[in-house]
Amino acid sequence: METPVPGKRQAREEYRRKIKEQTEGDGDSSAVKLPRKRFFRQRAHANPFSDHRLDYPVSPAHMDWASHYPAFVDPDPSKTNLSGARKLTREVEVVDIGCGFGGLLVGLAPLLPDTLMVGMEIRVSVLDYVRSRISALRLQQQNLKAIAAGNSTGQPSDTPAMPDVEDDEIGSTTTIVPGNYENITGIRANTMKFLPNFFAHHQLSKIFVCFPDPHFKARKHKARIISESLNAEYAYVLRPGGLLYTITDVEEYYHWVLRHFKYENEDGENGENGAEQTDAPTGGIRDLWELVSDEELEADPCVQVMKFETEESKKVTRNKGNKYVAVFRRKADPEWPS
Amino acid sequence: MASFQHPFRSLKYVKRQHQGLSDVLIASAGRHIYCYEAESGRRLDVWPQHVEISSKVASGPKSTSEDQAPPEKRRKLSSPETQAEEKPTEEILNSKSPSWTNIPMVLASPDGKYVVALTAEDKCIRVFSLSEDGKLQELSSRNMPKKPCALDLTPDGQTILCADKFGDVYSLPLIPGEYVKTRAQVKASKPAATTLTVHSKRNLLSLEQQLRQAERAEKAEKAEGVEKPQEEVEEKNMLNFEHQLILGHVSMLTDLISVSLPGPSGSRPRNYILTADRDEHIRVSRGIPQAHVIEQQCLGHTSLVSKICVPSWAPNVLISGGGDGLLLVWNWSEGELLQKILLGDSFQDSVVSGIWDISLDQPVGTRDPVRAIFVNLEGSSQLLHYSLESDSTLTLQDTIQLSGNVLDLVSMDLPGSVVVSVDTVREPNCTDTWKSGPASPQILLESLRANSFEGSLKWSVAEDSKLAIINAAGTSDLSTTLEAKARKAIDDALYNLGNTRKKSYGD
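Protein sequence lines correspond, in order, to chains A and B.
Sequence positions in the first sequence follow this note's numbering and run 1 to 338.
Sequence positions in the second sequence follow this note's numbering and run 1 to 507.
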């Protein structure tokens, strides 16, 4: 791995400090800059099995969401959860597992302005970027609203136009968007271990798994974010009718996904047609999931965001790679055996 | 100089009276399993047979220390089939001694006909038949891919559930049938990456190499007509017996219990599997074949969970303990925390190593049936006695002092009493300080009797002639002159919960 030379590290720290100051309100708020990714990059792989220094609530009833969604805090201060944190007026119900630099969240935010969404990422620096990016977006929105308010009251506006978009930066907004990015946030977490610490039974309506680390080596396959064991956990936090979205550019991983929802067997044959075959996958985890049809995917705007607005999807498009989408609907729990 | 005796690590009481047979106490100590007639304390069988004492003396203290140490950790190279017969190299010299040094768990099937045991170093689940005269006959041995941490049987007694260090739970039939390999051959490996998915110069170069190698392998195969076994097959595919991965945590599992609750009227009882892990979780899943349906998560511990217990007479209640100095009482089917008990300052750094539910219909000392919960912390010579109240809360009744660290506990019928196995080797309340020499007589088992005292129940250590016979017969010798390293290996095999705490805190 390349180790940053001292000068590079210093520049990184300096830059991150500045970005932080800007969003904490010390800087000049009229020209809010979005953070630049190059100062937040981190090795693409993290070991999900090691004990990282992680913050996670004892249980979902202990989670402090109020600091993440200040615009959605319940006005009644007497309403608190088990850790004494203020409650929200609604529950978080969309999760992007392995949100990376947060492209999906930013893309979805105006699409579902009344839905609280959270991105979860195990890499510290990358998560720092997501938090800075969201803070900057929220600040820009506030400024835009202030300008708009100024214009509508007929006062002459001497505020300069929006700052120029930074060279390698994307995503600065020049228009007011629904929700003002108040409905998205990012959290550092290892979801393979601690998803049930954050979300209660049937709390979520959508889970996204976008361009997961493919862990090409067979020895590393157990680190993959999709497995039958983990799919059981996703089913626990997802409500019946809820959707689990997956997208990958690795064909082999796409088949891995289908196989671990029991929609394909080891030989790559489709479980639907092979129902009569002796080795066709039946029962098991497939009891809980229904593969969503292509027509339905076409009509789903979330699929479009997933395919074209995440950082990774843009990279794949640039490299003319393939994108494989598989979406599963959570079925109701099966009947107990009688 | 006399030797220490290996303490009993795991005890099980097998009721067989309804079959007209005498009850049996099964106990593991060192690398052996012992069977005793419960009524008399007479030893019925030892498995495997004790090695001749003369050969042990001949080998001298040095090689004794060697065979006490667990075999070196090695990467699995051979298939489990050949490995079952194979003995680790250092053991070949002393071919009479088996390849494991301890047996952490023994179980008995509900019908009393089978015994299941785990041998530690070879990660092997062994099933025995228990004959009418109390002899053990090994029926099967199955090597698991990862170290099993907890075993239980399903309520029908037909399936073994095995929770392992990597967080996976496997189900295995108690009596393995003929195993037909589902996948006759594995397809030659082809890189999953393509030039569409990797882009950096270095990655492209290694992809090119991989493709070339795959091509070469294919050619070689065609030329020779021989199929080379694929090296990187998932390990579970290498198991040569029927097994199924039924659920998994991404964390080391510490305990597993299989519970049955009555279903709604007119329907069958509902089976559940409760699993506890090193990351503070207790998960409630449905039983087989719906173990992928997670019903609840009981979250409240702030350190590893080490033991869970559902009292036989109150199947809705779960008592859990771990490394946070707490006992939590749950209504587990609702995921509802009922009570939080602080174990007290003196136990703050200890890990709960045992929670036992004791139910005696005909106890000696009192006339009424006795129900009690016992709790022990790792490396402690005290037993905490709780009563489970009608509102499903625990009340501490008293603390019972034993002569050594408590290792396991079991209730016996006729006369109704509790038998506790204690550590004879180490000083009480120490996990690493050995006694200067064996006491005489060495107490391996102690008996507890219940007494009604001013309306409440007290337990006290009592004389028991059958236990005196077991204690006098001893188990197997453990040298008093082992080197520090060998001692530590034995200590760590017995007291390992403290080591499962999370220590490294890196990003």
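Where hints are given, some of them may not hold.
[To be verified] With a straight-line cut-off of 20 angstroms between C-alpha atoms, the simulated SDA-like cross-links for lysine to any residue are:
hint, chain 1, residue 1, chain 2, residue 2
1, B, LYS340, A, ASP287
2, A, LYS217, B, LYS340
3, B, LYS146, A, GLU228
4, B, LYS113, B, LEU151
5, A, LYS217, B, LEU151
6, A, LYS331, A, ASP287
7, A, LYS8, A, GLN42
[To be verified] If you anchor each label on the Cβ, the simulated ranges turn out as follows:
hint, chain 1, residue 1, chain 2, residue 2, range
8, B, SER40, A, VAL58, 48 to 58 angstroms
9, B, ASP345, A, ALA146, 36 to 46 angstroms
10, B, TRP313, A, TYR324, 30 to 40 angstroms
No wet-lab data here; the hints were simulated from the structure.
Glycine included, each C-beta is placed from N, C-alpha and C at the ideal position.
Outcome of the hint check:
The hinted pair formed by LYS340/B and ASP287/A fails the criterion: a straight-line CA distance of about 36 angstroms is larger than 20 angstroms. With a CA separation close to 45 angstroms, the supplied pair LYS217/A and LYS340/B exceeds the 20 angstroms bound. With a C-alpha separation of about 18 angstroms, the suggested pair LYS146/B and GLU228/A falls inside the 20 angstroms cut-off, and the hint holds. Proposed proximity of LYS113/B and LEU151/B is supported: the alpha carbons are some 17 angstroms apart, at most 20 angstroms.
Only pairs whose Cα atoms come within 20 angstroms are accepted, and LYS217/A paired with LEU151/B is rejected, the gap being roughly 31 angstroms. Our distance criterion of 20 angstroms between C-alpha atoms is met by LYS331/A and ASP287/A, whose separation comes to about 7 angstroms. Between LYS8/A and GLN42/A the CA atoms are separated by roughly 13 angstroms; this keeps the pair inside 20 angstroms, and the hint holds. Judged by the Cβ atoms, the range 48 to 58 angstroms given for SER40/B and VAL58/A holds: they are separated by roughly 51 angstroms.
Distance hint check: the CB atoms of ASP345/B and ALA146/A are about 57 angstroms apart, inconsistent with the given range 36 to 46 angstroms. A hinted range of 30 to 40 angstroms for the beta carbons of TRP313/B and TYR324/A is inconsistent with their spacing of about 54 angstroms.
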